[in-house]
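Heads up: the sequence lines are chains A and B, in that order. Counting from 1, position 25 in the first sequence corresponds to residue 25 in this note's numbering; the numbering is continuous, with no gaps. Counting from 1, position 53 in the second sequence corresponds to residue 53 in this note's numbering; the numbering is continuous, with no gaps.
Among these hints, one or two may not hold up.
Sample of chain A residues at the chain B side, in silico, Cβ under 7 Å [what the hints assert, rightly or not]:
{"#": "1", "residue": "Pro-14"}
{"#": "2", "residue": "Val-16"}
{"#": "3", "residue": "Leu-23"}
{"#": "4", "residue": "Leu-28"}
{"#": "5", "residue": "Cys-75"}
{"#": "6", "residue": "Leu-81"}
{"#": "7", "residue": "Phe-100"}
{"#": "8", "residue": "Ile-104"}
Computed list of lysine-lysine pairs in PhoX-like fashion (alpha-carbon distance at most 20 Å, straight line) [what the hints assert, rightly or not]:
{"#": "9", "chain 1": "A", "residue 1": "Lys-97", "chain 2": "A", "residue 2": "Lys-69"}
{"#": "10", "chain 1": "B", "residue 1": "Lys-69", "chain 2": "B", "residue 2": "Lys-89"}
{"#": "11", "chain 1": "B", "residue 1": "Lys-97", "chain 2": "B", "residue 2": "Lys-65"}
{"#": "12", "chain 1": "A", "residue 1": "Lys-38", "chain 2": "A", "residue 2": "Lys-85"}
{"#": "13", "chain 1": "A", "residue 1": "Lys-21", "chain 2": "A", "residue 2": "Lys-69"}
{"#": "14", "chain 1": "B", "residue 1": "Lys-57", "chain 2": "B", "residue 2": "Lys-38"}
{"#": "15", "chain 1": "A", "residue 1": "Lys-21", "chain 2": "B", "residue 2": "Lys-21"}
{"#": "16", "chain 1": "B", "residue 1": "Lys-85", "chain 2": "A", "residue 2": "Lys-103"}
{"#": "17", "chain 1": "B", "residue 1": "Lys-21", "chain 2": "B", "residue 2": "Lys-85"}
{"#": "18", "chain 1": "B", "residue 1": "Lys-97", "chain 2": "B", "residue 2": "Lys-69"}
{"#": "19", "chain 1": "A", "residue 1": "Lys-69", "chain 2": "A", "residue 2": "Lys-85"}
{"#": "20", "chain 1": "A", "residue 1": "Lys-85", "chain 2": "A", "residue 2": "Lys-57"}
{"#": "21", "chain 1": "A", "residue 1": "Lys-38", "chain 2": "A", "residue 2": "Lys-57"}
{"#": "22", "chain 1": "A", "residue 1": "Lys-103", "chain 2": "B", "residue 2": "Lys-41"}
{"#": "23", "chain 1": "A", "residue 1": "Lys-65", "chain 2": "A", "residue 2": "Lys-89"}
{"#": "24", "chain 1": "A", "residue 1": "Lys-38", "chain 2": "A", "residue 2": "Lys-65"}
{"#": "25", "chain 1": "A", "residue 1": "Lys-38", "chain 2": "A", "residue 2": "Lys-54"}
{"#": "26", "chain 1": "B", "residue 1": "Lys-85", "chain 2": "B", "residue 2": "Lys-41"}
{"#": "27", "chain 1": "B", "residue 1": "Lys-38", "chain 2": "A", "residue 2": "Lys-103"}
{"#": "28", "chain 1": "A", "residue 1": "Lys-103", "chain 2": "B", "residue 2": "Lys-69"}
{"#": "29", "chain 1": "A", "residue 1": "Lys-97", "chain 2": "A", "residue 2": "Lys-21"}
{"#": "30", "chain 1": "B", "residue 1": "Lys-103", "chain 2": "A", "residue 2": "Lys-85"}
{"#": "31", "chain 1": "A", "residue 1": "Lys-21", "chain 2": "A", "residue 2": "Lys-85"}
{"#": "32", "chain 1": "A", "residue 1": "Lys-103", "chain 2": "B", "residue 2": "Lys-21"}
{"#": "33", "chain 1": "A", "residue 1": "Lys-69", "chain 2": "A", "residue 2": "Lys-41"}
{"#": "34", "chain 1": "B", "residue 1": "Lys-54", "chain 2": "B", "residue 2": "Lys-41"}
{"#": "35", "chain 1": "A", "residue 1": "Lys-38", "chain 2": "A", "residue 2": "Lys-69"}
{"#": "36", "chain 1": "A", "residue 1": "Lys-69", "chain 2": "B", "residue 2": "Lys-103"}
{"#": "37", "chain 1": "B", "residue 1": "Lys-103", "chain 2": "A", "residue 2": "Lys-41"}
{"#": "38", "chain 1": "A", "residue 1": "Lys-77", "chain 2": "B", "residue 2": "Lys-97"}
{"#": "39", "chain 1": "A", "residue 1": "Lys-21", "chain 2": "B", "residue 2": "Lys-103"}
{"#": "40", "chain 1": "B", "residue 1": "Lys-103", "chain 2": "A", "residue 2": "Lys-38"}
Since the hints were derived computationally from the structure, they do not count as laboratory data. Computed from a prediction, not measured in an experiment: that's the story for all the values here. For each residue, glycine too, the CB sits at the ideal point set by N, CA and C.
2 protein chains.
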Amino acid sequence: MKKMNFPRSDLLIPTVIQDAKTLEILMLGYMNRRSFNKTLKEGQVYFWSRSRRKIWKKGEISGNKLGVKAIFSDCDKDALLIKVKLIGKNVCHTGNKSCFYRKIL
Amino acid sequence: MKKMNFPRSDLLIPTVIQDAKTLEILMLGYMNRRSFNKTLKEGQVYFWSRSRRKIWKKGEISGNKLGVKAIFSDCDKDALLIKVKLIGKNVCHTGNKSCFYRKIL
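With the hints as constraints, model all of the structure from the sequences given.
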């Protein structure tokens with residue numbers, strides 16, 4: 001475990017996913033210690049699903065996987081930023097490239 | 001309240017702050033219903049401080065404020081992305097422009 005605040009293995013860290021090339025924000029997911037370790041090891045992004053309460057590899061079913069290009073933590077070590085290469089067409093289950101497609105203002 | 005999931009006024013929504021011009025990710029903070037309303041009304045970013053347990057206007061003391069350029073919610077309406085114009089020099093209390101200055105990989 002590289003310097004992240006996972007004092008408990010079930011603790012969740014919000015993780016921002018950014019397209020490494022276009023710098024577009026694609027989604028925000030949650031990592032626990034195990035999904036972080038798997039992401040580091042495999043070079044593709046794993047999250048913790050809060051609704052299904054299990055580890056999931058992004059794109060395992062949809063095919064839209066996230067290849068890790070760089071990982072940053074924030075000053076407090078309680079948030080992550082991962083720059084990715086999107087393998088596939090889009091990230092969001094709605095068919096949008098990014099999950100942040102709803103413009104409020 | 002514009003279409004966000006704040007079923008309780010104390011519920012917290014992770015909020016990604018992105019430089020509207022450079023697209024750099026500057027920080028991740030948390031909003032509750034009240035800080036979201038104040039942000040919408042005033043056009044500058046307010047967060048909920050989890051450690052101090054109160055609303056705070058980003059830059060109130062440091063002077064490094066965040067002017068709102070655009071706000072997006074994600075597909076599940078449980079995360080926010082705010083594109084900002086940084087008023088001041090940097091966002092992080094360490095003196096770095098972005099809080100995500102620690103490269104893990």
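Against the structure, the hints come out as follows:
1. Pro-14: holds (4 Å)
2. Val-16: holds (5 Å)
3. Leu-23: At about 4 Å, which falls below the 7 Å cut-off, the nearest Cβ of chain B leaves the hint on A:Leu-23 intact, so it holds.
4. Leu-28: holds (4 Å)
5. Cys-75: holds (5 Å)
6. Leu-81: holds (4 Å)
7. Phe-100: For A:Phe-100, the interface hint holds, since the closest Cβ of chain B sits about 4 Å away, which is under 7 Å.
8. Ile-104: Given a least distance of 4 Å, the restraint on A:Ile-104 holds.
9. A:Lys-97 / A:Lys-69: Given pair A:Lys-97, A:Lys-69 holds - Cα atoms ~18 Å apart, limit 20 Å.
10. B:Lys-69 / B:Lys-89: Judged against 20 Å, a Cα distance of about 17 Å means the pair holds.
11. B:Lys-97 / B:Lys-65: Cα-Cα ~12 Å, so holds.
12. A:Lys-38 / A:Lys-85: Answer holds: A:Lys-38 to A:Lys-85 is near 17 Å, not above 20 Å.
13. A:Lys-21 / A:Lys-69: holds (10 Å)
14. B:Lys-57 / B:Lys-38: Status holds; Cα separation ~9 Å.
15. A:Lys-21 / B:Lys-21: With Cα atoms ~15 Å apart, A:Lys-21 and B:Lys-21 stay inside 20 Å; holds.
16. B:Lys-85 / A:Lys-103: holds (17 Å)
17. B:Lys-21 / B:Lys-85: This hinted pair holds, its Cα atoms lying about 8 Å apart.
18. B:Lys-97 / B:Lys-69: holds (18 Å)
19. A:Lys-69 / A:Lys-85: holds (7 Å)
20. A:Lys-85 / A:Lys-57: holds (15 Å)
21. A:Lys-38 / A:Lys-57: holds (9 Å)
22. A:Lys-103 / B:Lys-41: holds (16 Å)
23. A:Lys-65 / A:Lys-89: holds (9 Å)
24. A:Lys-38 / A:Lys-65: Between A:Lys-38 and A:Lys-65 the Cα gap is close to 14 Å, so the pair holds against 20 Å.
25. A:Lys-38 / A:Lys-54: holds (13 Å)
26. B:Lys-85 / B:Lys-41: holds (16 Å)
27. B:Lys-38 / A:Lys-103: This hinted pair holds, its Cα atoms lying about 18 Å apart.
28. A:Lys-103 / B:Lys-69: holds (11 Å)
29. A:Lys-97 / A:Lys-21: Roughly 14 Å between the alpha carbons, so the hint for A:Lys-97 and A:Lys-21 holds.
30. B:Lys-103 / A:Lys-85: holds (17 Å)
31. A:Lys-21 / A:Lys-85: It holds: about 8 Å lies between the C-alpha atoms, which stays within 20 Å.
32. A:Lys-103 / B:Lys-21: Given that 20 Å is the threshold and the Cα spacing comes to 17 Å, the pair holds.
33. A:Lys-69 / A:Lys-41: holds (13 Å)
34. B:Lys-54 / B:Lys-41: Distance of about 18 Å is within 20 Å: holds.
35. A:Lys-38 / A:Lys-69: holds (15 Å)
36. A:Lys-69 / B:Lys-103: Given pair A:Lys-69, B:Lys-103 holds - Cα atoms ~11 Å apart, limit 20 Å.
37. B:Lys-103 / A:Lys-41: Given that 20 Å is the threshold and the Cα spacing comes to 16 Å, the pair holds.
38. A:Lys-77 / B:Lys-97: holds (16 Å)
39. A:Lys-21 / B:Lys-103: Distance ~17 Å between A:Lys-21 and B:Lys-103 Cα, so the pair holds.
40. B:Lys-103 / A:Lys-38: holds (18 Å)
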